[in-house]
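J.: Sequence:
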Amino acid sequence: MGQMRPDNPVVGFSRFPEVPRDRFLSADEIKRLADVLAEHPNRRCANVIRLILLTGARRGEAMNARWEQFDLENGIWTKPAATTKQRRLHRAPLSRAAVELLRAIRASVPADCPWVFPGEIKGNPLREMQTFWEGVRAKAKLGDARIHDLRHTFASLLVSGGMTLPMVGWLLGHTQAQTTLRYAH
Numbered sequence: 001m002g003q004m005r006p007d008n009p010v011v012g013f014s015r016f017p018e019v020p021r022d023r024f025l026s027a028d029e030i031k032r033l034a035d036v037l038a039e040h041p042n043r044r045c046a047n048v049i050r051l052i053l054l055t056g057a058r059r060g061e062a063m064n065a066r067w068e069q070f071d072l073e074n075g076i077w078t079k080p081a082a083t084t085k086q087r088r089l090h091r092a093p094l095s096r097a098a099v100e101l102l103r104a105i106r107a108s109v110p111a112d113c114p115w116v117f118p119g120e121i122k123g124n125p126l127r128e129m130q131t132f133w134e135g136v137r138a139k140a141k142l143g144d145a146r147i148h149d150l151r152h153t154f155a156s157l158l159v160s161g162g163m164t165l166p167m168v169g170w171l172l173g174h175t176q177a178q179t180t181l182r183y184a185h
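Just so it is clear: in the sequence shown, position 164 is 164 by the working numbering, and no numbers are missing.
Simulated from the structure, these hints should not be mistaken for laboratory data. Mixed in with the good hints, there may be bad ones.
Said to hold, decoys possible - Derived Cβ-Cβ restraints for the label pairs, each shown as a range:
id, residue 1, residue 2, range
1, N124, D22, 29 to 37 angstroms
2, S14, T131, 22 to 30 angstroms
3, K139, G119, 21 to 29 angstroms
4, M167, L72, 37 to 45 angstroms
5, P6, S26, 53 to 61 angstroms
It should be emphasised that the depicted structure is a prediction, and the values quoted were computed from it without experimental measurement. Virtual Cβ for every residue (Gly too), placed ideally from N, Cα, C.
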């Protein structure tokens, strides 16, 4: 059995500085992305991207979403603590557009499937989005945009529309006001 070292082997090393990346899509980029998604044959992956844009969800939250988390009647997405970055239960309101998207998805998914976005392997959620995103990003001419930048886009649109930073932070599930300040452009 191993023993604990009496010293700290990383003393004297400094962390790499975190360089926040504040990329968000312009109105023109959002339009191009929407056009590409509307024509794409992979509806499942296209709908993941749409849900992220409409809710500001993280990629993993969207891909692993289960129907039991959604109250479409009242427009609420209850994200269990185990699925959120902060490991806290998060109830987020859904826009009318998000509810309509989810209702359309529900109609296309087998009734016995617990996943909003079922994967290729039965009983599992969708696992891979990067290849899809790279193709869509190139076709929509989005440059270096990442899927996570859609979350930034959601937040930036709310702030530019007059929503307060604390409210945007709450919608995104932020626990630190500093995190939300990055969206105040």
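J.: Evaluate each hint against the coordinates.
T.: Here is what the structure says about each hint:
no., hint, in the structure
1, N124 - D22: 29 to 37 angstroms, "34 angstroms, holds"
2, S14 - T131: 22 to 30 angstroms, "36 angstroms, violated"
3, K139 - G119: 21 to 29 angstroms, "24 angstroms, holds"
4, M167 - L72: 37 to 45 angstroms, "22 angstroms, violated"
5, P6 - S26: 53 to 61 angstroms, "55 angstroms, holds"
In terms of the numbered hints stated before, the structure departs from hints 2 and 4, listed from lowest to highest.
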